[in-house]
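Residue strings, one per chain:
Protein chains: 2
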Amino acid sequence: MTEPTPRRAPAGAAVLREDVTEAIRAAVFEELAAVGFARMSIEGIARRAGVGKTAVYRRWKSKLSLVLDLVGAFAAQGLPAPATGSLYGDVRALLEVASHALRHPVASQVIPDLLVEAARNPEIAEAVTAALLDGQQGVVTQIVREAAERGELPEDTDPGRALDLVVGPLYWRLVVVRTPLPPGYVDDLARSAVAALKA
Amino acid sequence: MTEPTPRRAPAGAAVLREDVTEAIRAAVFEELAAVGFARMSIEGIARRAGVGKTAVYRRWKSKLSLVLDLVGAFAAQGLPAPATGSLYGDVRALLEVASHALRHPVASQVIPDLLVEAARNPEIAEAVTAALLDGQQGVVTQIVREAAERGELPEDTDPGRALDLVVGPLYWRLVVVRTPLPPGYVDDLARSAVAALKA
Numbered sequence: 519m520t521e522p523t524p525r526r527a528p529a530g531a532a533v534l535r536e537d538v539t540e541a542i543r544a545a546v547f548e549e550l551a552a553v554g555f556a557r558m559s560i561e562g563i564a565r566r567a568g569v570g571k572t573a574v575y576r577r578w579k580s581k582l583s584l585v586l587d588l589v590g591a592f593a594a595q596g597l598p599a600p601a602t603g604s605l606y607g608d609v610r611a612l613l614e615v616a617s618h619a620l621r622h623p624v625a626s627q628v629i630p631d632l633l634v635e636a637a638r639n640p641e642i643a644e645a646v647t648a649a650l651l652d653g654q655q656g657v658v659t660q661i662v663r664e665a666a667e668r669g670e671l672p673e674d675t676d677p678g679r680a681l682d683l684v685v686g687p688l689y690w691r692l693v694v695v696r697t698p699l700p701p702g703y704v705d706d707l708a709r710s711a712v713a714a715l716k717a
Numbered sequence: 519m520t521e522p523t524p525r526r527a528p529a530g531a532a533v534l535r536e537d538v539t540e541a542i543r544a545a546v547f548e549e550l551a552a553v554g555f556a557r558m559s560i561e562g563i564a565r566r567a568g569v570g571k572t573a574v575y576r577r578w579k580s581k582l583s584l585v586l587d588l589v590g591a592f593a594a595q596g597l598p599a600p601a602t603g604s605l606y607g608d609v610r611a612l613l614e615v616a617s618h619a620l621r622h623p624v625a626s627q628v629i630p631d632l633l634v635e636a637a638r639n640p641e642i643a644e645a646v647t648a649a650l651l652d653g654q655q656g657v658v659t660q661i662v663r664e665a666a667e668r669g670e671l672p673e674d675t676d677p678g679r680a681l682d683l684v685v686g687p688l689y690w691r692l693v694v695v696r697t698p699l700p701p702g703y704v705d706d707l708a709r710s711a712v713a714a715l716k717a
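Protein chains in written order, with this note's numbering: chain A, 519 to 717; chain B, 519 to 717.
It cannot be assumed that every hint is accurate.
Heads up, simulated DSBU-like pairs for lysine-lysine below, C-alpha to C-alpha not over 35 Å straight-line [as the list claims (entries may be wrong)]: (1) K571(B) to K581(B); (2) K581(A) to K571(A); (3) K581(A) to K716(B); (4) K716(B) to K716(A).
Just so you know, the hints here were simulated from the structure itself, not pulled from any lab data.
Make the full structure from the sequences, and use the hints.
Have a look at this one:
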């Protein structure tokens, strides 16, 4: 994400550029939380980051590409490799990560913002889906494949449907219903998801 | 929702008032689909409905109360009474209704709009939750209670968690992932939801 350091640049230049990039990223999250995607502007981001508008445009071509870049990085971070040796363990590990991620402001505010844009613009919908879902779908596909190899799931289990069954209830609870999870909720949900996958 | 007809009003007055109310409602849906909740104004609604702003304010005190009124009526309409005699049949009937409702523009555009507002305003969050969820929660609570009476579910099944397991995967698929349902999806989902509830 940082620009290549020019050959003869002073030693501090690359560091400075990274600082600016980080300041812009932090400003984007603050602006998104404060005003939302629809009302957010590159001007507002630059002002909050204490940089010029060109510093933003040099890095990202639009506010959409900027937000998708951040959301994609956020959605991919910390996704577990399914390596517990059991379907329940793998699903439990994924739900644990997801239950934290979905309570982060990026999820609870920015993802709904982006879905609003996606509902009116197929191009945005595709980009949002890719940024949000590709990482999770990859993990679930691997979990399902390994479970099938162990004989825990039928060979023809559909990975898309598996993602719906594993992530859907948690997303609904945390982002739509918005009530706190009672103790043991993630364990119960992992058990239910495994039963749903096997049904 | 129509105003009481004054005693001595001409015969057509009540009808006319209902027409105005309906014209405003239709205009709200069109405005929401076109510009979204954040950018929608009472002025825009009145213009599209061909009425004055006061005709809108006489009926609803704000654009939020107007939209919540419509969303609440939409969410409650067509919810099935769980009367099939089996947990699978009741869950299947609810998912069938929900799968149509969630593909309606109200769900695919307006609900995400409202969740964006809800993420930043607890008062809106409460009103949205009530309008959207109370009807569905009522149906799921009844389904769970009757299943427990038949011995199909444990007596202590949590109705909130049951709603997450039944509606979550479908909402995720239709409103977040936004890919078409393959044939037999609702049947499979009902079977999975029953297994998840029993787990």
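Results for each hint:
Simply put, K571(B) and K581(B) have alpha-carbon atoms about 12 Å apart, close enough for the 35 Å limit, and the pair holds. Taken as a hint, the K581(A) and K571(A) pair is honoured in the structure, with Cα atoms around 12 Å apart against an allowance of 35 Å. Taking the CA atoms of K581(A) and K716(B), the gap is about 46 Å. The hint is violated against a cut of 35 Å. For the hint pairing K716(B) with K716(A), the CA-to-CA distance comes to about 13 Å; that is within 35 Å, so the pair holds.
Violation of the numbered hints given earlier is confined to hint 3; every other hint is satisfied by the structure.
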